[in-house]
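Protein chains: 6
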Amino acid sequence: MQSTPQPALTSLIKGQMFEGLLLVRSAEQRTASNGSKYLDITLGDKSGEFNGKMWDGTVAAPKTGEVVKVRALLQEYTGRPPLRVDKLRTVPRDEVDLTLFVPCAPRSGEEMLSEIKERAEQIRDEELKNVVKYRLEESGDAILYYPAASKLHHAERSGLLHHTSTMLKMAEYVCELYPALDKDLLAAGVILHDLDKLREIKADDMGVASEYTVEGMLLGHLVQGAVDLGRVCDKLGVRDELRIMLSHMLISHHDLPEYGSPKPPMFPEAEALHIIDLLDARMYEMDLALKAAAPGGFTEKIWSLDQRRLYRREKPEKTEE
Amino acid sequence: MQSTPQPALTSLIKGQMFEGLLLVRSAEQRTASNGSKYLDITLGDKSGEFNGKMWDGTVAAPKTGEVVKVRALLQEYTGRPPLRVDKLRTVPRDEVDLTLFVPCAPRSGEEMLSEIKERAEQIRDEELKNVVKYRLEESGDAILYYPAASKLHHAERSGLLHHTSTMLKMAEYVCELYPALDKDLLAAGVILHDLDKLREIKADDMGVASEYTVEGMLLGHLVQGAVDLGRVCDKLGVRDELRIMLSHMLISHHDLPEYGSPKPPMFPEAEALHIIDLLDARMYEMDLALKAAAPGGFTEKIWSLDQRRLYRREKPEKTEE
Amino acid sequence: MQSTPQPALTSLIKGQMFEGLLLVRSAEQRTASNGSKYLDITLGDKSGEFNGKMWDGTVAAPKTGEVVKVRALLQEYTGRPPLRVDKLRTVPRDEVDLTLFVPCAPRSGEEMLSEIKERAEQIRDEELKNVVKYRLEESGDAILYYPAASKLHHAERSGLLHHTSTMLKMAEYVCELYPALDKDLLAAGVILHDLDKLREIKADDMGVASEYTVEGMLLGHLVQGAVDLGRVCDKLGVRDELRIMLSHMLISHHDLPEYGSPKPPMFPEAEALHIIDLLDARMYEMDLALKAAAPGGFTEKIWSLDQRRLYRREKPEKTEE
Amino acid sequence: MQSTPQPALTSLIKGQMFEGLLLVRSAEQRTASNGSKYLDITLGDKSGEFNGKMWDGTVAAPKTGEVVKVRALLQEYTGRPPLRVDKLRTVPRDEVDLTLFVPCAPRSGEEMLSEIKERAEQIRDEELKNVVKYRLEESGDAILYYPAASKLHHAERSGLLHHTSTMLKMAEYVCELYPALDKDLLAAGVILHDLDKLREIKADDMGVASEYTVEGMLLGHLVQGAVDLGRVCDKLGVRDELRIMLSHMLISHHDLPEYGSPKPPMFPEAEALHIIDLLDARMYEMDLALKAAAPGGFTEKIWSLDQRRLYRREKPEKTEE
Amino acid sequence: MQSTPQPALTSLIKGQMFEGLLLVRSAEQRTASNGSKYLDITLGDKSGEFNGKMWDGTVAAPKTGEVVKVRALLQEYTGRPPLRVDKLRTVPRDEVDLTLFVPCAPRSGEEMLSEIKERAEQIRDEELKNVVKYRLEESGDAILYYPAASKLHHAERSGLLHHTSTMLKMAEYVCELYPALDKDLLAAGVILHDLDKLREIKADDMGVASEYTVEGMLLGHLVQGAVDLGRVCDKLGVRDELRIMLSHMLISHHDLPEYGSPKPPMFPEAEALHIIDLLDARMYEMDLALKAAAPGGFTEKIWSLDQRRLYRREKPEKTEE
Amino acid sequence: MQSTPQPALTSLIKGQMFEGLLLVRSAEQRTASNGSKYLDITLGDKSGEFNGKMWDGTVAAPKTGEVVKVRALLQEYTGRPPLRVDKLRTVPRDEVDLTLFVPCAPRSGEEMLSEIKERAEQIRDEELKNVVKYRLEESGDAILYYPAASKLHHAERSGLLHHTSTMLKMAEYVCELYPALDKDLLAAGVILHDLDKLREIKADDMGVASEYTVEGMLLGHLVQGAVDLGRVCDKLGVRDELRIMLSHMLISHHDLPEYGSPKPPMFPEAEALHIIDLLDARMYEMDLALKAAAPGGFTEKIWSLDQRRLYRREKPEKTEE
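Chains as they are written, first to last, in numbering that gives the first Met the number 0: chain A, 0 to 320; chain B, 0 to 320; chain C, 0 to 320; chain D, 0 to 320; chain E, 0 to 320; chain F, 0 to 320.
Hints may be right or wrong, so weigh each one.
Using 27 Å as the maximum straight-line C-alpha spacing, the simulated BS3-like pairs for lysine-lysine come out as follows [said to hold, decoys possible]: (1) Lys116/E x Lys128/E; (2) Lys290/A x Lys201/F; (3) Lys234/D x Lys201/C; (4) Lys290/C x Lys201/A; (5) Lys201/C x Lys290/F; (6) Lys132/D x Lys234/C.
FYI, nobody ran anything at the bench for these hints, they're computed from the structure. It should be emphasised that the depicted structure is a prediction, and the values quoted were computed from it without experimental measurement.
Next up, chain A with everything else stripped away, as it sits in the complex (with noise of 0.2 Å):
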């Protein structure tokens, strides 16, 4: 990972030299007038993006997606592209610290997937172990990038899993202090709820979500993840009042028929369920939001909170010890 902070690209002042870590937005090679080549180059980071030419018929057009390590002069004339680059290597992505480009969980993918799988490992009830470890099996990688949604909360790479795994601690704590809860069941709950967002939205292994699918816009995560958890249970051969159960807590999550919910939680799990998540969209929502809201002033109305303004308290936000 890389330690020293590199500015960001926006930051620059005209004619300022940048070197670090970029991302490749789109590359193309390409003739001038003059017969030269030269790579045709748009590259950015967290706080935008600027096209510039390189200047070197050598170079291969590295691809959308790649992080590249850049040398580039932010050159003072108009009528140029901003970015003239002077060097140029691909770094292997593993190698970099992907906050540098977009919003991230604060811990990997396969960290909180690994968690997430060992809670299930421990479900006692056999079907209901299988049908969860089947389920999270056939999801494949893009789980470990996948955001939880295109805006709204955990909108952030591996946002997805970084939701379900502090769901999941919640869920635990919840259970402790209702003991009539039946734990696994509502672990479960947790663990399947938002699986198929890997369905509803189209996001790229950057954790980006650009749009919603046709299964996500005509059938929704809701009732798809009620289709594929029907059809894992028919497969593994589980239980009738379990196979509803589940699948009562799928579609029953949002609450409200208005938020796309067809049908209210019906029994305490699936109650519960519904307010975990409501916490955790909640939390994560107003703690980014107020980011953007000066200490003793209000944020702009929020959309996905009914038009509510947020108050940011003036001194900072944890009283010091």
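Using the hints, position chains B, C, D, E and F against chain A.
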């Protein structure tokens, strides 16, 4: 089929003798305090039911749901069960006009089902045809007598087929007027849209729905319909877009989230399905409700019509020709 | 009728000569600073409009709304009006295909109106027939070209008749399937239900609605429709029940109070009228909206459909035969 | 007018003799099994009613709705009709204080109506004045005793005039404070706004509303009010803008679509009319409801106030001076 | 504490002798027509209550709300009060297991209150700590037995403390998972949020709420809570921002205006308070409601859960280990 | 007061000289690159504002918010600040007609406040009188110029007093018509109901509201009003019922929860307060909105009136006499 009309059970006056067909609601051989054996039996028709005794220890108790030919007296004195049954023999159900006992669709289930299957056979897209036929096949015989609801519209024997076949005809008309519609897709949607009412409500073979199933309460026929459809599409290898569109038609046919649809209709065939369904339900319910109103007067408030009261016109509903 | 297709005005490239029919948006004879007389004219087709000059002091300015046959050049240099008109002569409107200039109903207003009047003639109840015929008569000629709306469904030349005549056919089908309905009453409701759109919106004889009238804003076509109907019923001595039922059909045809109906439909013909109206509006709007979407993609959010986005299927909407 | 108070009928104890005025609910001459003729009569006051017999074959049965002076005994033994009527004679209604029998407006209908007509006479705009006077004239005598509702506010004899005349005074005050308002237009709106309650509800000449008319149910007094106003405006040749504005005031005076207004108030006089109407209705209903609450306690939930419960203060509503 | 179980009062059969503890609902010394003195007494437990007589003029009538040790016979003949009390002596309430008479929180009020005060003591911000302690102090002893509601969740003796202390634990968990939250602020919000239920509802020292207070009806515990908090903040000189934020948490903890919150939660601690409150209420209500359902069946519609019916799973709620 | 009208600043044409009063928006002494000192100043009136320079190093910069008498030229060439100020002297604000700069109430704040205090003095109940007077006293001088809102109704200098004093007059009228109302209680409610707008919005002494305070956003003037009232009632020893009723009037005066009232009005004076408030707000907003519409035309959609468009009648709003 029986042709001579028999009096309604509850229209009898005390002392009157009844001869005709009745439905066995319950029946048991018992022994009186004086050692005599008798049949304790409850018999009914569409108008209501009476308890009675038959003093004949040799007659085996018929089963609940059987139809019996009966000769019985409505007794004059209180303190006794109202009926004194003198003769009783079981009648095969297919020799009986079931409209004596329950509301029935105007045509036989067999006739309607065969018509529906014929329409399915004409679907030109092979994948679509296969799905529809498979789903009809696996629904089994219960569809022949199932009602479409426990209360509300088409709560009658074979009501599910009645509702479906009427909508099928309307769908043909609609496609004639709006030729941009895919008439096979719409027909398929009509046939499939309520099929999982078979799993949603419990009904006996008289077509009387007693209550919702657990599956019906926790998932409902829209979501369970999509699950079953997904399973069959997987099995038959139906292409993605077709599977998604058909599933969407199922889950969107109630239109609004508050009526149970997690998605509103998002293409014309889905919208048409919803409107045809609405039309058939409303025409049925209004027709039924108006029977209880006096000409020139109003019905009570009708719950399923948002508490509307309906007006029954003074003159015959139809102008004479 | 003109048969050879002409290029869309806004698809011309600079320097290109245009020959064809254009609609006069405005025109005026002026005198240049050098004393030359010229025609300052704005001309358009369905694709848009351009301003231009015609340097010929002898040509009388045509009237706004006239159709002219034009020979004109799209000029290359900025700083001048885009069009240099060389030739121009007025063309009688009935020799012109108006679809060049505005969306038009698929059939002529005259044809549709005569069909509707024919249906009115078949009404068996004399009082009902008289009312319908009287209301049609007093509506005059504007009905031949009036649209049914300024935006939304049937915002096209003769859209009001298009909407009415399609609904009339659907009404026949509906009455066939639900014979308890009084088919004459329903047909009368269809013919009358939107008639006061003639008083609600202002439209020119191209069928383009510009805005609402004061009457349209403060009363609306439902209430004004009931007022006009009341007046005619008084005049013709229509019996009370018929007047009340017809008036009710008019004011209830939007169904819900939030869509402007002070009463919901309270008998089957009123309900059927509402549903047929809904079906025709939805089919029209969806068809239109989908034209702007790519196959396999979605439309933008559609305001009149509660912000739904519609899906346009990948393959042709119709399965080939 | 009668001056000495008579006991409430239902406050009598068995064996007590009653003398006073009662309203005939029903009466019929019958013949007993022993051949004696008697009058079978039901008599009541505001507190309730009793059935009774009068053993005098010579007395003609009074008509339902007549007021009679009665001498009668409340009998002690069960198994007999409660009242034994000894004397009975009809009393002309105008000699009677009707508040003994029904809730009545605090002033006579004649007085209120003449006041209202006087106000109409002062309208300066001739067309407006004519419309108001014509509509008042054609309403006939029923307006003198009509209630404003069957339940809710001003369900009392002459309640319609009571409501109207109170609003008329408030309208004067409002126009004084907000002089931009056209006080004649507002007064006209007040006088006309509920006039078609005469066609909406059925009431006897005691001012007791029994039910809605067919017209009331299917059209309502807002729309029927606009229809009647339209007819009169046509007849009197009222200019368009005035007709439209007045009609708008009628249909918008319930403000929200869910309360029956197809349009919200769209100019200040229409808004003022709605608010004055609201104020008068609320003050009346609250006053009435609080009578049933104990000081320091709450009423039951009140349906017409969205299930609010009202508080009745402990000390007299008015501070003593 | 009493250890041997006593039979439920309403499970006795006629002729059976009862020995055990009962709660005095009412008691009075009376004199029979023959001059004998007797105690007219109504006694009850959680299952119900019976009226009875004790023929012993020497026993002083115990007070309503006292617990008595009783020996009594459930008498066989009708026409007498059901209970014949033979022996009776008052038992000090702290020697009694109150769960015999009313639903009780699982822990004693004293234990929970001391835990809550301990938490308050750990608040690091002095001003915040002082406010919380002051408000707890001035609440007095009633908090020890007060329920949290008259119906709904935590309608049990010491329910207010039960609700508060459970939420307090959940708040710790939540702050652990979401460390950006100010855990002292959230804990303070939890302790204060329902404190004015003490002023909102009337409850006896059995923790049974009878009705709302005038203050509770007209202001409610949210607004009155803010008023009381404002008063204490003034007195203790709490800084503005803290006062405003704490007050906001009180008035926003019902989230939506239709549930009584004039403002929605506008910072994360306020949102967390609302969600923790919701979770605790829902878990309590669902748990309670499910006790009345059969395994594999559904509860009735539950008003406080928007008419949802809950499912009770067939197998024990907890998987055995 | 200034009597001759001065031209609106933004109506000047280039090269024109302006003499009159302007409001200082900002002003600063600066030094040009050639060493000359000049005043950089922005000046405005109700129509808008211009930046300018005054080349006179000896003039001290006036303060923002001061009114100055100015002689200035609107310069012809671009590239310079629009205004060249030649003379400038500060004018005491009380010599100035503030309506030049901001919308103002039609009467002076002092006059209205003294009228309100006079009314308070006439309250017969001593406790009530004391509370009202105390609250008015502690509100200080800001009330003299405060607006009642930042947008919407009475967004004008002294708008709060304008709104209050108009309502006070209406309250007298209402109590005259509905004598069961306690006129002192209603007057007190009127005076107090919006008093905490002083804490809810930030406004300068021109009566221009810039934004909400933190207190205004998180608590609002309804709740903060109840808090302040509670404090004063405590201090003055007001009896419980009176305190509760007054507080209730404050928190219920927006009527519906969605408009911020945690409780609906629950006694007649609270209801009357709400309706009077509604009437005054609506009359003000409609009057203002209609100024922007052409006679015979409609306003734009008005957000605060649920997107209504208002009609401005063709003829003068008032019939001439």
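Tested hints:
1. For a cut-off of 27 Å, the pair hint linking Lys116/E to Lys128/E stands: about 10 Å separates their Cα positions.
2. For the given pair, Lys290/A sits about 25 Å from Lys201/F by alpha-carbon distance, which is consistent with the 27 Å threshold.
3. With a C-alpha separation of about 26 Å, the suggested pair Lys234/D and Lys201/C falls inside the 27 Å cut-off, and the hint holds.
4. Only pairs whose Cα atoms come within 27 Å are accepted, and Lys290/C paired with Lys201/A is accepted, the gap being roughly 25 Å.
5. For a cut-off of 27 Å, the pair hint linking Lys201/C to Lys290/F stands: about 25 Å separates their Cα positions.
6. At roughly 22 Å between alpha-carbon atoms, Lys132/D and Lys234/C fall within 27 Å of each other, so this suggested pair holds.
The earlier numbered hints are all upheld by this structure, with none contradicted.
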